[in-house]
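Residue numbers (UniProt numbering), protein chains in the order written: chain A, 1 to 415; chain G, 1 to 415.
A few of these clues could be false.
Claimed, not checked - Reference listing, derived: stretches of chain G covered by chain A, where coverage requires no fewer than 3 residues with Cβ under 8 Å from a Cβ of chain A:
#, stretch
1, 114–122
2, 133–146
3, 181–187
4, 387–393
To be verified - Derived DEER-like restraints, expressed as beta-carbon distance ranges:
#, chain 1, residue 1, chain 2, residue 2, range
5, G, Gly-223, A, Gly-271, 43 to 51 Å
6, G, Ile-151, A, Pro-115, 40 to 48 Å
7, A, Phe-249, G, Leu-394, 26 to 34 Å
As the list claims (entries may be wrong) - Just a sample of chain G residues kept apart from chain A, beta carbon distances all over 10 Å, derived:
#, residue
8, Ala-21
9, Pro-55
10, Ala-67
11, Thr-108
12, Asn-126
13, Ile-127
14, Glu-228
15, Gly-369
16, Arg-405
17, Ile-411
No lab work stands behind these hints: they were computed from the structure.
A quick note: this is a predicted structure, and the numbers were derived from the prediction, not measured.
For each residue, glycine too, the CB sits at the ideal point set by N, CA and C.
Number of protein chains: 2
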Amino acid sequence: MKTPHIVVIGGGFGGLAAVKALVKSKNLRITLIDKRNYHLFQPLLYQVAMAGLSPAEIAYPLRSLLASHDQVEILLGEVKEINKEEKWIQTDTNKIHFDYLILACGSTYTYFNSPQWEPFAPGLKNIMQATEIRRRVFLAFEKAERETDKIKQEFYTTFVVVGGGPTGVELAGTLGEITRYSILRDFDHIKPQQTKIILIEAGPKILPTMTEELSREAVRELGELGVEVRVNSKVSEINENGIKAGDEFIESATILWAAGVAANPLNKKLGVELDRQGRIIVNRDLSVPGHSAIFVIGDQAHYEWGAEKKPLPGLAPVAMQQGRFVAKYIRNQLEGRKLPEFRYVDKGQMATVGRSRAVAMYKDIEIHGFVAWMAWLFVHIYYLIGFKNRLFVLFQWAWMYLTNRRGARLIIEKE
Amino acid sequence: MKTPHIVVIGGGFGGLAAVKALVKSKNLRITLIDKRNYHLFQPLLYQVAMAGLSPAEIAYPLRSLLASHDQVEILLGEVKEINKEEKWIQTDTNKIHFDYLILACGSTYTYFNSPQWEPFAPGLKNIMQATEIRRRVFLAFEKAERETDKIKQEFYTTFVVVGGGPTGVELAGTLGEITRYSILRDFDHIKPQQTKIILIEAGPKILPTMTEELSREAVRELGELGVEVRVNSKVSEINENGIKAGDEFIESATILWAAGVAANPLNKKLGVELDRQGRIIVNRDLSVPGHSAIFVIGDQAHYEWGAEKKPLPGLAPVAMQQGRFVAKYIRNQLEGRKLPEFRYVDKGQMATVGRSRAVAMYKDIEIHGFVAWMAWLFVHIYYLIGFKNRLFVLFQWAWMYLTNRRGARLIIEKE
Numbered sequence: 001m002k003t004p005h006i007v008v009i010g011g012g013f014g015g016l017a018a019v020k021a022l023v024k025s026k027n028l029r030i031t032l033i034d035k036r037n038y039h040l041f042q043p044l045l046y047q048v049a050m051a052g053l054s055p056a057e058i059a060y061p062l063r064s065l066l067a068s069h070d071q072v073e074i075l076l077g078e079v080k081e082i083n084k085e086e087k088w089i090q091t092d093t094n095k096i097h098f099d100y101l102i103l104a105c106g107s108t109y110t111y112f113n114s115p116q117w118e119p120f121a122p123g124l125k126n127i128m129q130a131t132e133i134r135r136r137v138f139l140a141f142e143k144a145e146r147e148t149d150k151i152k153q154e155f156y157t158t159f160v161v162v163g164g165g166p167t168g169v170e171l172a173g174t175l176g177e178i179t180r181y182s183i184l185r186d187f188d189h190i191k192p193q194q195t196k197i198i199l200i201e202a203g204p205k206i207l208p209t210m211t212e213e214l215s216r217e218a219v220r221e222l223g224e225l226g227v228e229v230r231v232n233s234k235v236s237e238i239n240e241n242g243i244k245a246g247d248e249f250i251e252s253a254t255i256l257w258a259a260g261v262a263a264n265p266l267n268k269k270l271g272v273e274l275d276r277q278g279r280i281i282v283n284r285d286l287s288v289p290g291h292s293a294i295f296v297i298g299d300q301a302h303y304e305w306g307a308e309k310k311p312l313p314g315l316a317p318v319a320m321q322q323g324r325f326v327a328k329y330i331r332n333q334l335e336g337r338k339l340p341e342f343r344y345v346d347k348g349q350m351a352t353v354g355r356s357r358a359v360a361m362y363k364d365i366e367i368h369g370f371v372a373w374m375a376w377l378f379v380h381i382y383y384l385i386g387f388k389n390r391l392f393v394l395f396q397w398a399w400m401y402l403t404n405r406r407g408a409r410l411i412i413e414k415e
Numbered sequence: 001m002k003t004p005h006i007v008v009i010g011g012g013f014g015g016l017a018a019v020k021a022l023v024k025s026k027n028l029r030i031t032l033i034d035k036r037n038y039h040l041f042q043p044l045l046y047q048v049a050m051a052g053l054s055p056a057e058i059a060y061p062l063r064s065l066l067a068s069h070d071q072v073e074i075l076l077g078e079v080k081e082i083n084k085e086e087k088w089i090q091t092d093t094n095k096i097h098f099d100y101l102i103l104a105c106g107s108t109y110t111y112f113n114s115p116q117w118e119p120f121a122p123g124l125k126n127i128m129q130a131t132e133i134r135r136r137v138f139l140a141f142e143k144a145e146r147e148t149d150k151i152k153q154e155f156y157t158t159f160v161v162v163g164g165g166p167t168g169v170e171l172a173g174t175l176g177e178i179t180r181y182s183i184l185r186d187f188d189h190i191k192p193q194q195t196k197i198i199l200i201e202a203g204p205k206i207l208p209t210m211t212e213e214l215s216r217e218a219v220r221e222l223g224e225l226g227v228e229v230r231v232n233s234k235v236s237e238i239n240e241n242g243i244k245a246g247d248e249f250i251e252s253a254t255i256l257w258a259a260g261v262a263a264n265p266l267n268k269k270l271g272v273e274l275d276r277q278g279r280i281i282v283n284r285d286l287s288v289p290g291h292s293a294i295f296v297i298g299d300q301a302h303y304e305w306g307a308e309k310k311p312l313p314g315l316a317p318v319a320m321q322q323g324r325f326v327a328k329y330i331r332n333q334l335e336g337r338k339l340p341e342f343r344y345v346d347k348g349q350m351a352t353v354g355r356s357r358a359v360a361m362y363k364d365i366e367i368h369g370f371v372a373w374m375a376w377l378f379v380h381i382y383y384l385i386g387f388k389n390r391l392f393v394l395f396q397w398a399w400m401y402l403t404n405r406r407g408a409r410l411i412i413e414k415e
């Protein structure tokens, strides 16, 4: 019998969990395709944007990660076409046949119907964007320092973060920490602690998937760091002068986008039913309706769960559990064992706000402040891949906590 | 009396040494201008290009470095004009008057009369270029892996380094180390250890400022790492297909440029005598002829020394000694003390070749191999700025030595 070939697209949390579970069977051939050569620990990407960590500390080369597994082949490339019936995919360079396909391509930012906003309000999905945000943030302070005009100084020291989800809260909170701790004594003509940081959320509360109490606590903690939170505030315009939110135009040189997640555009090419966010509505076994050999996991999938039949959120634990499930499902099918059922185990939610501040919930337990922050640190170190990365990140955080300095404060010139 | 205002352009080794020596006088006003917001430890930049270190580990934010000195102001900007008579400079945003001016702008790469070669053979002077070289090198292996055609695989796994100075030797040697150690087991369709690495030097020997013996030793050590050295080989063409060196056209996807240093283009605007490399020919006190309040140091200056009247080389110790000298000169002049004379103290020379291999000379002492490599490591850790950077780099090197892995192997997508 020919060795079954399983193609996994995407080396994020979901895809990597699937590959790691698939290699337990020695008689499989696995191809992992990614447009990047590394696994990125996305939850800490905002710390790269905020100069706390270096890209290499939260990224791990896929080839090193899987070098010991001979049955795994890694291909750098972008998938351009998927043929469900003939079971092949086409990347920018190669055509690959599969017996099973696992789609784990994640999500991207959407600017709804206003793509013209993007140049003025970069999102945070990859390393290039993170270093670009870092460049803009620290350049804004340099520009303010060079100005003598108070109005212009205010323009450069006003930061607006759009989107009150975890990423928005983390970006705004860390901006607060930077201006209230890290760069306090670095300038002669501006007072960083007077920096205006505004977090804008279209809905009625920030951290919408958390409880009312934790959301309020996050607002309070953000306030301690100088962040003003505006809810029920809809963005209607973003340009080089600032942003219109609700009825007010806020003059600001630096706007960061952390709203409007959409699934990978590849989904549209599949010719199957999608939800409003562009996610594929999958079967109970995470397969694509009508195509039992194609599975979709993580941010790319719409999978309803619980009494309320809500789709599972775009979180790392969801993607990882789905990746492991699909791997087991395929292995059992090939080896003639009983097929498993997918059961989601809620690992809780957490968001860090800034220095010693976070909110977290696990089942009925809600915590905030220093304890939640310590829990957040522990969980993120624990899930980071690679002993060296763990040690480095831990040491960076300890150093940052003790000295308030941010070592990666580099404004890297663009070409 | 008005507080004397000293303007220093460039926060490299020379400029920073000058500022650090100037702050010993409390009654001076100092402005440090740099187009970057960080001091870059240039001698280790090739390790960023070769995925051994992260940019933040060899860069230190200028503002953090000088935050405790109230008399120092830092301005991010590029100098566009210098008026020697009226004593002011114009940056892209500000006009600044000075009593003394210290020019420490360093050098850049020149492609002689062939600027069209640059896109095919990037140089290594800043972080952006280092990450671009890293991207090209590691992408070349990925492209080779995707090919089935042997000729095309060879095209992607042939690397040419132009220039046999320390940077060229370090780049070529580290490429050897990467292909012979780091990525040995990472690919399925190519054998990294068969990678061709060719180091091209126009002159009769590599490391031209070192002795015949050390140069030969470097060739031998490079050979152990698979690097072929070609001397007396002049480049006459570089394009997307490869490079013509001597009579041969070498087909290669990845060419790195480490030849042809030229002083900062700002020099041409000064209206004073320059040498062939564009450096300002300075007085014995490092001032510009006819302008006793303007000093030039480091790579930007042509300063003859020794019995042979050769200009001092573009090395960090030269720039640092000159920076400290000029600072002392200005302070003594202002405080009515005896003016010092510049005396260059030779700190020797060293170049690392790769894992456990280096060459070094200090006065009459010549060493090579493991001992020279250890000396190289020690000196570079010692001169690196910042306790955290030292610790991180030391740990990165120890980890790389023990595991042969390179953590910063990231192909960062371009915008």
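Given as non-interface: G:Glu-228, which should sit over 10 Å from chain A by C-beta = Holds, because the least Cβ-Cβ distance between G:Glu-228 and chain A comes to about 26 Å, which exceeds 10 Å.
Would G:Ile-411 pass as off the interface with chain A, using Cβ distances and a cut of 10 Å?
-> At roughly 5 Å from the nearest Cβ of chain A, G:Ile-411 sits no farther out than 10 Å, so the non-interface label is violated.
Coverage of the stretch 133–146 of chain G by chain A (three or more Cβ within 8 Å) = holds (count 5)
Are all beta-carbon distances from G:Asn-126 to chain A longer than 10 Å?
-> The claim is violated: G:Asn-126 sits with its nearest Cβ about 7 Å from chain A, within 10 Å.
Does G:Arg-405 really sit off the interface, with its C-beta more than 10 Å from all C-beta atoms of chain A?
-> violated (6 Å)
Holds or violated: is the Cβ of G:Ala-21 farther than 10 Å from all Cβ atoms of chain A?
-> Per Cβ check, G:Ala-21 is outside 10 Å of chain A; nearest 21 Å; holds.
Within the assertion that chain A covers the stretch 114–122 of chain G, do at least three residues meet a Cβ-to-Cβ distance smaller than 8 Å?
-> Result for this restraint: violated, n = 0.
Regarding the assertion that G:Gly-369 does not contact chain A, is the least Cβ-Cβ distance greater than 10 Å?
-> Per Cβ check, G:Gly-369 is outside 10 Å of chain A; nearest 28 Å; holds.
Closer than 8 Å, Cβ to Cβ, for at least three residues: run that test on the stretch 387–393 of chain G against chain A and report holds or violated.
-> As far as the stretch 387–393 of chain G goes, the hint holds, because 4 residues have Cβ atoms under 8 Å from chain A.
Given coverage of the stretch 181–187 of chain G by chain A, tested with a Cβ cutoff of 8 Å and a minimum of 3 residues = holds (count 4)
Measuring from beta carbon to beta carbon, are G:Ile-151 and A:Pro-115 in 40 to 48 Å?
-> Since G:Ile-151 and A:Pro-115 have Cβ atoms about 42 Å apart, the given range 40 to 48 Å holds.
At the C-beta level, are G:Gly-223 and A:Gly-271 separated by a distance inside 43 to 51 Å?
-> violated (57 Å)
Consistency with the previously given hints fails for numbers 1, 5, 7, 9, 10, 12, 13, 16, 17, ordered from lowest to highest.
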